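The primary structure of each chain is shown beneath.
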Amino acid sequence: MNHSEMHLTTDEIELWSLGLLGAQRSFHLSDCSLCRDIADRERKVILELVQLPRFAPTAGFADRVMAQVKVPTPSGDWQPN
Amino acid sequence: MAWAKAGHEAAFRELVRRYERPIFSLLYRMVRDRALAEDLAQETFIKVLNGIKSYRPEFKFSSWIFKIANNAAIDHLRKKSLDTLSLDGSPSAETPEQMRATSLQLGDKSETPLDEVESRELGTAIEKAISRLRPEYRSCILLRHVEGYSYEEIAESLELPLGTVKTYIHRARNELRVYLEDRRE
Chain A
0 MNHSEMHLTT
10 DEIELWSLGL
20 LGAQRSFHLS
30 DCSLCRDIAD
40 RERKVILELV
50 QLPRFAPTAG
60 FADRVMAQVK
70 VPTPSGDWQP
80 N
Chain B
1384 MAWAKAGHEA
1394 AFRELVRRYE
1404 RPIFSLLYRM
1414 VRDRALAEDL
1424 AQETFIKVLN
1434 GIKSYRPEFK
1444 FSSWIFKIAN
1454 NAAIDHLRKK
1464 SLDTLSLDGS
1474 PSAETPEQMR
1484 ATSLQLGDKS
1494 ETPLDEVESR
1504 ELGTAIEKAI
1514 SRLRPEYRSC
1524 ILLRHVEGYS
1534 YEEIAESLEL
1544 PLGTVKTYIH
1554 RARNELRVYL
1564 EDRRE
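Sequence order for the protein chains is A and B.
Those letters in the first sequence? Residues 0 to 80, by the numbering used here.
Those letters in the second sequence? Residues 1384 to 1568, by the numbering used here.
Since the hints were made in silico from the structure, they are not lab data.
Here the structure is a predicted model, which is why all the values come from computation and not from measurement.
Honestly, I wouldn't trust all of these hints.
Below 25 Å or equal to it, Euclidean Cα-Cα: the simulated SDA-like pairs (lysine to any residue) are [unchecked claim]:
hint : chain 1 : residue 1 : chain 2 : residue 2
1    : B       : 1549      : A       : 39
2    : B       : 1549      : A       : 67
3    : B       : 1463      : B       : 1515
4    : B       : 1462      : B       : 1393
5    : B       : 1443      : B       : 1515
6    : B       : 1443      : A       : 8
7    : B       : 1549      : A       : 66
8    : B       : 1549      : B       : 1444
9    : A       : 43        : B       : 1549
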């Protein structure tokens, strides 16, 4: 069995789902319905996960944190990059 | 980071600005309670910023802060035993009677505006599926696929062996897939 005939590993299926698997290994999916089925189902879950939103805390969160932090140095004219 | 280590207020604020959403999102999905997640996020930032002098730059800052946040969530879940409580009752319940006895009674109190926000934000099938995962699986899968960290970064952040992280993520995806497919059928 040559490399392109070997079934995809779990790691390779994840890479494929994220669009990061090389063309040579991805080609295996066109010939192997078993891997294709597993990969399609895995991709559905991964796509749902990567599309999840990030939530924001309520307004004033940073101020509430800073009120409880010891700040030894005034910031002067420091600017974030 | 050097400015933050030197204790500059603006640098502290910048760190809060960069990490408040990722840290809050992780904690919210871990504990599924907005007010509690915000308390734990606040606790995390205060710990990090007050202890910034002990930060070792050979580690990524994100790994450090996620470790502290995750520990806060896991400690809370252990203390309150919320990790074994679900809408359907304890996972160890074997009969319908046991499931009913250990399930959350949602009808017991009227829904507040905050409850409505939570049910809108965390009410989708995938969010419900995530909530059913063991907390250890949940943090790994969220760091991998929501925050986009590598397996190595997750292992460093959660202080777990690399193989364990891979196993947790693989099992978590399997459980999510089964749950989501069951719902579609």
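Restraint check for residue 1549 of chain B with residue 66 of chain A, where alpha carbons must lie at most 25 Å apart: 39 Å, violated
Satisfaction of hint between residue 1549 of chain B and residue 43 of chain A, Cα-Cα up to 25 Å: 19 Å, holds
Restraint status (C-alpha distance of residue 1463 of chain B to residue 1515 of chain B at most 25 Å): It holds: about 16 Å lies between the C-alpha atoms, which stays within 25 Å.
Pairwise hint evaluation, residue 1393 of chain B against residue 1462 of chain B, where the allowed Cα distance is 25 Å at most: 35 Å, violated
Given pair status - residue 39 of chain A, residue 1549 of chain B, alpha carbons within 25 Å: 20 Å, holds
Restraint check for residue 1443 of chain B with residue 8 of chain A, where alpha carbons must lie at most 25 Å apart: 29 Å, violated
Straight-line alpha-carbon gap residue 1549 of chain B to residue 67 of chain A, limit 25 Å: Between residue 1549 of chain B and residue 67 of chain A the Cα gap is close to 37 Å, so the pair fails against 25 Å, i.e. violated.
Given pair status - residue 1444 of chain B, residue 1549 of chain B, alpha carbons within 25 Å: 22 Å, holds
25 Å Cα cutoff - pair residue 1443 of chain B, residue 1515 of chain B: 30 Å, violated
Checked against the numbered hints given earlier, the structure breaks hints 2, 4, 5, 6, 7 and satisfies all the rest.
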